[in-house]
Structure formats: structure tokens, C-alpha cells
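> With full-length UniProt numbering applied, the sequence shown corresponds to residues 1 to 542, in that order.
Accuracy of the hints is not assured; some may be wrong.
As the list claims (entries may be wrong) - The calculated BS3-like cross-link candidates involving lysine-lysine, where the alpha carbons are at most 25 Å apart (straight line), are:
{"no.": "1", "residue 1": "Lys492", "residue 2": "Lys529"}
{"no.": "2", "residue 1": "Lys176", "residue 2": "Lys120"}
{"no.": "3", "residue 1": "Lys224", "residue 2": "Lys176"}
{"no.": "4", "residue 1": "Lys406", "residue 2": "Lys105"}
{"no.": "5", "residue 1": "Lys176", "residue 2": "Lys406"}
{"no.": "6", "residue 1": "Lys105", "residue 2": "Lys133"}
{"no.": "7", "residue 1": "Lys100", "residue 2": "Lys133"}
{"no.": "8", "residue 1": "Lys120", "residue 2": "Lys406"}
{"no.": "9", "residue 1": "Lys232", "residue 2": "Lys250"}
{"no.": "10", "residue 1": "Lys485", "residue 2": "Lys496"}
{"no.": "11", "residue 1": "Lys283", "residue 2": "Lys176"}
{"no.": "12", "residue 1": "Lys496", "residue 2": "Lys100"}
{"no.": "13", "residue 1": "Lys496", "residue 2": "Lys437"}
{"no.": "14", "residue 1": "Lys100", "residue 2": "Lys406"}
{"no.": "15", "residue 1": "Lys485", "residue 2": "Lys232"}
{"no.": "16", "residue 1": "Lys529", "residue 2": "Lys515"}
{"no.": "17", "residue 1": "Lys496", "residue 2": "Lys133"}
{"no.": "18", "residue 1": "Lys176", "residue 2": "Lys105"}
{"no.": "19", "residue 1": "Lys133", "residue 2": "Lys176"}
{"no.": "20", "residue 1": "Lys133", "residue 2": "Lys120"}
{"no.": "21", "residue 1": "Lys224", "residue 2": "Lys250"}
{"no.": "22", "residue 1": "Lys529", "residue 2": "Lys105"}
{"no.": "23", "residue 1": "Lys436", "residue 2": "Lys105"}
{"no.": "24", "residue 1": "Lys120", "residue 2": "Lys105"}
{"no.": "25", "residue 1": "Lys515", "residue 2": "Lys492"}
{"no.": "26", "residue 1": "Lys529", "residue 2": "Lys133"}
{"no.": "27", "residue 1": "Lys492", "residue 2": "Lys120"}
{"no.": "28", "residue 1": "Lys100", "residue 2": "Lys529"}
{"no.": "29", "residue 1": "Lys250", "residue 2": "Lys235"}
{"no.": "30", "residue 1": "Lys515", "residue 2": "Lys201"}
{"no.": "31", "residue 1": "Lys515", "residue 2": "Lys100"}
{"no.": "32", "residue 1": "Lys235", "residue 2": "Lys176"}
{"no.": "33", "residue 1": "Lys224", "residue 2": "Lys235"}
{"no.": "34", "residue 1": "Lys133", "residue 2": "Lys515"}
{"no.": "35", "residue 1": "Lys529", "residue 2": "Lys120"}
{"no.": "36", "residue 1": "Lys436", "residue 2": "Lys496"}
{"no.": "37", "residue 1": "Lys436", "residue 2": "Lys406"}
{"no.": "38", "residue 1": "Lys133", "residue 2": "Lys485"}
{"no.": "39", "residue 1": "Lys120", "residue 2": "Lys436"}
{"no.": "40", "residue 1": "Lys232", "residue 2": "Lys529"}
Hints are computed from structural coordinates only; laboratory data are not their basis.
Keep in mind that this is a model prediction, so the values were computed, not measured.
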Amino acid sequence: MGLFSRRDKAPKTEAPTLSASQSKSSLTSGSSSIKSPGFSTSRILNRTSAATMSSNPGTPPFSPGLNPGVPRIDIPKPPDPQLDPVGYLRSLGAVRERCKIVTEKALRDELNHFDVDMNKFEDVVTFVANIIKRDYDAPFTSIPGHGRHQHFAIGGRDRIAHLLSTFPEDVDNTEKCKRMIDLFLVSVLLDAGAGTQWSYKSNENGRIYRRSEGIAVASLEMFKIGLFSGNKNNKYQVDKEGLASLTVEKLAQGLQSGPGNEMAGIEGRAHLLIRLGQALEEKTEFFGADGRPGNMLDHILDHPSTQATNGLIVPLPVLWNVLMSGLAPVWPPSRTAINGVSLGDAWPCSSMPQPAQSPSSPTFSPFPNTSGQSNGVAPWESILPFHKLTQWLTYSLMQPMQSIMKIQFAGQELLTGLPEYRNGGLFIDLGVLTLKKEDMERGLAHYTSYCDRTGTRENEVAPMFEPSDDVIVEWRGVTVGFLDKLCVEVNKALEKELQGNELTLAQMLEAGSWKGGREIAEVSRPNTKEPPILIDSDGTVF
């Protein structure tokens, strides 16, 4: 069965709705000539229309909206990096601005760790466009924005809509939304690469799930039994008391992680949630006295920037500030810091401007005076920010707030493509990026050492690096820029089918690049289905 010969299509609708076409199905053949240009639309065969997901009578479907008609409002600019480098590097706007530097080097084939063949970029465009045409009916308005909700719908069952329908009538929409924020936040924080060995058998239907969808189902089932709640009157919540009692053993049991079914980075994930509990207790301005993620809804609705004249309109930086400031204690202390303030998912990168003497440690404090500059370059300029998990949280937490509370978020265009191994692997597997020989050798040696250390059997050998390695940081930086370019080119390729519409970056991520990265990995490495570069993960980045 070829890449473009199956998948139920999403129903034709005027507004974005969640479709049964989001179910996972695996590829069984690598017969397609996937690395050559010109994928023919004649290969898109056997297309059928999927039935719309249903929810219980009286319960509106949980449909993540795209809010294309949000009125434009003034969005605050990022802080001046010369005056406040910490604030700038932690801002959402800095991600795209700084990644542009690496992307421009890539377009000139001047990366330190990858050879770049932009002649192959059209192959990626065609590949992604054909996946979208295979799975959705034109003009593609049924494609939801990228977010965690779709992973809960694995197998064509909208588990979130079903959960919402089970709550008593006295649970109002505000409380429903808070519960979904609680669930989605924990589920996203757990959503790092699960590794090749792990799978999850649902306690509800006995089916086996893997990877992101498996973690989603597992987190939902743990949530439903109250594993994260310290409130005996409401098991359907996450709070500081519930997380304070969490242990590595409890989480491993909930995720069914054990000998022969180990989840990668289980300790890192557990400690991440334990630190989340500490953040919930500390940051009461966002999470309230009872330390609950869902209480951020109160903060957002009460924020002076929130407009309520023509519906609820929230500037996206309001939500971003809650996540970056409120969850700051969550990140491991080993992360890059300036003056003792952790930057989160931001890393030194040799492809960025370098001061004459680069910082020897990811922790340094040179600002904000000119004496901290060398050859006209300040040390902060060598740092490349991504904030992948925070962006994944933002994409995901907007979904229940949009659907249940009808909140519209202004400034969604500030979000970038997620720099993770599915999106990034797409450009490697289709030949745009090729790891340089010396880095390939070093990565393969790391993989061999990892297998020896963990007892893992070498299978479909691939280079491996730690998340902080300069190879990974450069790869992630160019991925952000290439995803922007890919969105533009895919819209051009689908111009006729779009009929005057335009795919957002969030839609392209959901229906094209992330899915495409996974599928090309399944074909290129059918035994492990792993990306072309492996991450020696601690469970807190990818």
C-alpha cells in the first residue's frame, strides 16, 4: 500500500471541526519513490469521506477553532535585548527572529553541521501537499490547528467530547474548561519521545497505543482516576497537592513503564511534573491558592488586556506570559541561564553570532553593559531560543478555551512551527539536509555507547546526540525557518484547491509536516519508525 493510497478524508464543513481522519494508521510499504520530485496526484486513490465524530446528545462537539476572523489588536513587542536579554530570549517573538539567522545560513549552504540542497525542497512541498490532499477534501477548511486534542482522538473516538459529556449538569463551562486545561497541560508536559520499546494498553478498551497518542490516552486515563488530584471532592483536576504526592514509581505504573516496556526518560518526566506542582504552589497569581493549572483561566479573563466588547479577545502574549513565567520553576536547573534566570528551551549555537570568547558554560551573566560585549557581539546573541514545549502548550491550551469559552486569541501568527524531530526529520529524510561526515561518525559512536549503556539492541542504526548538542540546536533552528517557507510553498502548490483560502501554519503542521515526518520515518526505518537523528532524551525537551 503506497503513501498516497489510503486514509479516510475529513468531512466537508464550513467551520473547522475535528474529524475521524485524525486516526493513526501505519504504513506497510515503502514502494513509493519518495525521494524524487513529482509525486503524482494520480496516486491518491481509494479516498472516502469519513463520518463526522459524534458526541452525546446535548453536548456540543469539542472542536478546536482557528478563529480566522479575530480583530487585529496591538500586540506588545518583545523587550529590547540590549536592555533585557533575558526577557527578549524568553519572548515568543524572539524564536522566529533568532532562527532566521540560522535559516539564512542554511539557504547559503553555510551550516556547521549539515549540507543543504535546496533543490530538494520542492520534493518536501510536493510530499506534504499530497498528504494534505490525500487526507482532506478541498478547500481544506476542516483541518484543525495543531494541538494535543487530536491525539486524544486516536482511533476515531473523540475521548474529550465523551469526557465532557459525562460531567454533571452543575459543572459549568468555566469548570469544564479548567478541567481540560489541567488535563492538557499535564499531557503535553509528558509528551516527549517515548522511545521505541514503549506502548500503552488502554484500561478502557484493551487496545495498544504508542508514541504521542499512547501518552495522550495514558495521561487521560491517569487523569480520570485522579492520579494528579489532591482534592477528594474532584478527581478530575490537577493540583499542587496531587503532584506533590507523585513519584517516579506511581508515574511509571500509570504509564505501564517497566522491564520490556520502558518509556524513555521516565524519571525526567516524573521530576518535571513534581516541579510543576512546586510552580503551582509558588505562582499563585496565575494558579490560585489551590495551585491548579486551570486557574490560569481566571487570570486570563481578568487581565486588563482582555477585551470583552465583541466576544472575548485575548492577546496571545497574555497566555504566553502565564506559561513562561508561571512554569519557569518547571525547567531543569541545567538549562541555559543568564544572571541565574533560566531561559528554558534556549541553547548556545555555533551558527549564531559569537563573541570573541564564547561562554564556556550554558550559565553566564554578562549583561546589560557594553563590557559584556566582545567584537561587537554580546553573549546573548549566541543563544538560540525555541520554547518548543511552551509553544506546544500554547497551541494545545488554546483549544479548550476556544471551544468551551469561545475565547479568540489575537496574535496567533507569532507562534512558530515546532522544532522537534518529526518536523525536522522531514527535511533530512527528503534530502534537503544531510548530516556532515564528522558529525555522522560522532553521532553513530554516541548511539553505540547509548546501546551499550542501556542494553538496547542496535537496530536500524542512526546518529544520536544529546538535546544540547550543537548538531541538534542547529537542526532545530533551521527547522523553524524551513517550516515557515514550507507553509508558503504548500499554499502555492494547493492554490487551486484552496479556492481563495489559505492554510495557516498551525493547519500545515497538523495535516502536513508533522504527519509527513512521521510517515517518511516509517518508510525509511520500518522496524523502529524513528527519526533520522535520535535524541538521547531526558524526557523534558522532545
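> Hint by hint, note whether the structure agrees.
Results for each hint:
1. Lys492 <-> Lys529: 30 Å, violated
2. Lys176 <-> Lys120: 47 Å, violated
3. Lys224 <-> Lys176: 14 Å, holds
4. Lys406 <-> Lys105: Not OK: Lys406 and Lys105 at ~42 Å, beyond 25 Å, violated.
5. Lys176 <-> Lys406: 13 Å, holds
6. Lys105 <-> Lys133: It is violated: about 32 Å lies between the C-alpha atoms, which goes past 25 Å.
7. Lys100 <-> Lys133: At roughly 29 Å apart (the allowed maximum being 25 Å), Lys133 and Lys100 break the hint.
8. Lys120 <-> Lys406: 42 Å, violated
9. Lys232 <-> Lys250: Given pair Lys232, Lys250 holds - Cα atoms ~18 Å apart, limit 25 Å.
10. Lys485 <-> Lys496: 19 Å, holds
11. Lys283 <-> Lys176: Distance of about 22 Å is within 25 Å: holds.
12. Lys496 <-> Lys100: Outside the cut-off at roughly 30 Å; violated.
13. Lys496 <-> Lys437: 42 Å, violated
14. Lys100 <-> Lys406: With Cα atoms ~34 Å apart, Lys100 and Lys406 exceed 25 Å; violated.
15. Lys485 <-> Lys232: 50 Å, violated
16. Lys529 <-> Lys515: Holds - the C-alpha atoms of Lys515 and Lys529 are around 13 Å apart, at most 25 Å.
17. Lys496 <-> Lys133: 12 Å, holds
18. Lys176 <-> Lys105: The given pair, whose Cα atoms are some 47 Å apart, is violated under the 25 Å limit.
19. Lys133 <-> Lys176: 35 Å, violated
20. Lys133 <-> Lys120: Given that 25 Å is the threshold and the Cα spacing comes to 20 Å, the pair holds.
21. Lys224 <-> Lys250: Answer holds: Lys224 to Lys250 is near 15 Å, not above 25 Å.
22. Lys529 <-> Lys105: Violated - the C-alpha atoms of Lys105 and Lys529 are around 30 Å apart, more than 25 Å.
23. Lys436 <-> Lys105: The hint holds at about 15 Å.
24. Lys120 <-> Lys105: Holds, at roughly 17 Å.
25. Lys515 <-> Lys492: 20 Å, holds
26. Lys529 <-> Lys133: Given that 25 Å is the threshold and the Cα spacing comes to 23 Å, the pair holds.
27. Lys492 <-> Lys120: 17 Å, holds
28. Lys100 <-> Lys529: With a Cα-Cα distance of about 30 Å, the restraint between Lys100 and Lys529 is violated, given a limit of 25 Å.
29. Lys250 <-> Lys235: Judged against 25 Å, a Cα distance of about 16 Å means the pair holds.
30. Lys515 <-> Lys201: 23 Å, holds
31. Lys515 <-> Lys100: This hinted pair holds, its Cα atoms lying about 24 Å apart.
32. Lys235 <-> Lys176: 13 Å, holds
33. Lys224 <-> Lys235: 7 Å, holds
34. Lys133 <-> Lys515: 13 Å, holds
35. Lys529 <-> Lys120: This hinted pair holds, its Cα atoms lying about 22 Å apart.
36. Lys436 <-> Lys496: 39 Å, violated
37. Lys436 <-> Lys406: Violated: Lys436 and Lys406 sit about 48 Å apart, past 25 Å.
38. Lys133 <-> Lys485: 19 Å, holds
39. Lys120 <-> Lys436: 17 Å, holds
40. Lys232 <-> Lys529: 42 Å, violated
Violated hints for the displayed structure, listed by number in ascending order: 1, 2, 4, 6, 7, 8, 12, 13, 14, 15, 18, 19, 22, 28, 36, 37 and 40.
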